[in-house]
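K.L.:
Following the hints, put chain B in place on chain A, whose structure we already have.
If you read the sequences in order, they're chains A and B.
Quick note: the first sequence, position 98, residue 98 per this note's numbering, numbers continuous.
Quick note: the second sequence, position 69, residue 194 per this note's numbering, numbers continuous.
You may find that some hints are simply not true.
[Unchecked claim] Take a look, some chain B residues computed to stay more than 12 Å from chain A by CB distance:
hint : residue
1    : ALA144
2    : ARG149
3    : PRO174
4    : LEU215
[Said to hold, decoys possible] Derived, one-sided and incomplete: chain A residues facing chain B with beta-carbon distance under 8 Å:
hint : residue
5    : TRP33
6    : GLY42
7    : GLY44
8    : TRP102
9    : GLY110
10   : GLU111
11   : LEU112
12   : GLY116
13   : GLN117
14   : GLY118
Hints are computed from structural coordinates only; laboratory data are not their basis.
For glycine and all other residues, C-beta sits at the position ideal for the given N, C-alpha and C.
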Amino acid sequence: EVRLVESGGGLVKPGGSLRLSCAASGFSFSVAWMRWVRLTPGKGLEWLGQIRSRKDGETADYAAPVRGRFTFSRDDSKDTVYLQMNSLKTEDTAVYYCTTDWGVGSPHLGELSLWGQGTRVTVSS
Amino acid sequence: EIVMTQSPLSLPVTPGEPASISCRSSQSLLDRNGYTFLHWYLQKPGQSPQLLIYSGSNRASGVPDRFSGSGSGTDFTLKISRVEAEDVGLYYCMQALQIPWTFGQGTKVEIK
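Here chain A stands alone, though its shape is the one from the complex (with noise of 0.2 Å):
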C-alpha cells in the first residue's frame, strides 16, 4: 500500500524544539520531492516547504515564516523524511502533513497526490 505515516507531534513550550519524522512506504521513496502542509485554525493550509530528491541534489525551499528554524532533511535508507523544528511559536501551533506527487510524472507541477494523516503539534506554556 502506498501511504505516509507521519509522526513525532505533540505539546511543546514556546522555545522548544521538535522532530517531526514521516515514513514511506509502497513507492519509490528515493526519487520523491518531499513536501510539508500545515493546517491552522486561523490560516487555513499552509505550504512549509520542501526538499529535492538526492539525484535532484537533496535541496531545500522554506517558506518564510519557517525560514532559519525549520530544518527538512530525509534517510534514503529508511525510506522516511524529517521536519525539525527550533524556537517553535505559539503561532506554529497546527496538524502538520507531509505530502508528494506521487505517480506524477514531474514534481514540480503542485500536484499533491498522496498526504500522510498528520500530526499535531501545539506550542504553549
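P.N.:
What follows is chain B alone, placed relative to chain A:
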C-alpha cells in the same frame, strides 16, 4: 509571493443543488509550456487534504464527475453539479507556479 483569493469563504448548500467556488491569483498561473499551475484540494472533516482537480480542469483519480474545474490565467472556478452530503469540508485552491506555493483561504462548504 503569489496571493490566492477565494470566494465565498462560507458556502451553505442544499443537497442536489449546484455549488461554485471562485479562486483568483495575483498573477497568471499559465506557464510558457501551456501548463496551468492551479490545483484544487478538499479537506473533509477529520481527514487529510486530497487532490480534487489538477492543472485547473483535470479531475484527480477517483474524483466523481460532479466535480469540475475551469478557468485560465488568474481566474478559476470549481463547480459541483449536484452537491452530496459527503462533499462537506474545506476547499482550497493552490498555486504551484512559484515558490512559495500558496493556498487560498479556504471555502467551507456545509449542508443547509
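K.L.:
Compare the structure with each hint and give your call.
P.N.:
Results for each hint:
With a minimum CB-CB distance of about 19 Å to chain A, ALA144 (chain B) clears the 12 Å threshold, and the non-interface call stands. In this structure ARG149 (chain B) is separated from chain A by more than 12 Å, as the shortest Cβ-Cβ distance comes to about 16 Å. With a least beta-carbon separation of about 6 Å from chain A, PRO174 (chain B) fails to lie farther than 12 Å from that chain, contradicting its non-interface assignment. Once the 12 Å rule is applied to beta carbons, LEU215 (chain B) is inconsistent with being away from chain A; the minimum gap is 7 Å.
Given hint, TRP33 (chain A) at the interface with chain B, is violated; its Cβ is 11 Å from that chain's nearest Cβ, farther than 8 Å. Against a cut-off of 8 Å between C-beta atoms, the interface hint on GLY42 (chain A) is violated, since the closest Cβ of chain B lies about 10 Å away. Of the supplied interface hints, the one on GLY44 (chain A) holds, with its beta-carbon coming within about 4 Å of a beta-carbon of chain B, less than 8 Å. The beta carbon of TRP102 (chain A) comes no nearer than 10 Å to any beta carbon in chain B, farther than 8 Å, and the hint placing it at the interface is violated.
About 2 Å separates the beta-carbon of GLY110 (chain A) from the nearest beta-carbon of chain B, less than 8 Å, and the hint is met. Restraint check, GLU111 (chain A) versus chain B: the minimum CB separation of about 4 Å is within 8 Å; hint holds. A distance limit of 8 Å between C-beta atoms decides the matter here; for LEU112 (chain A) the minimum to chain B is near 6 Å, and the interface restraint holds. Taken as an interface hint, GLY116 (chain A) checks out: its beta carbon lies about 7 Å from the nearest beta carbon of chain B, inside 8 Å.
Here the hint on GLN117 (chain A) is kept, as its CB sits about 6 Å from the closest CB of chain B, short of 8 Å. About 6 Å separates the beta-carbon of GLY118 (chain A) from the nearest beta-carbon of chain B, less than 8 Å, and the hint is met.
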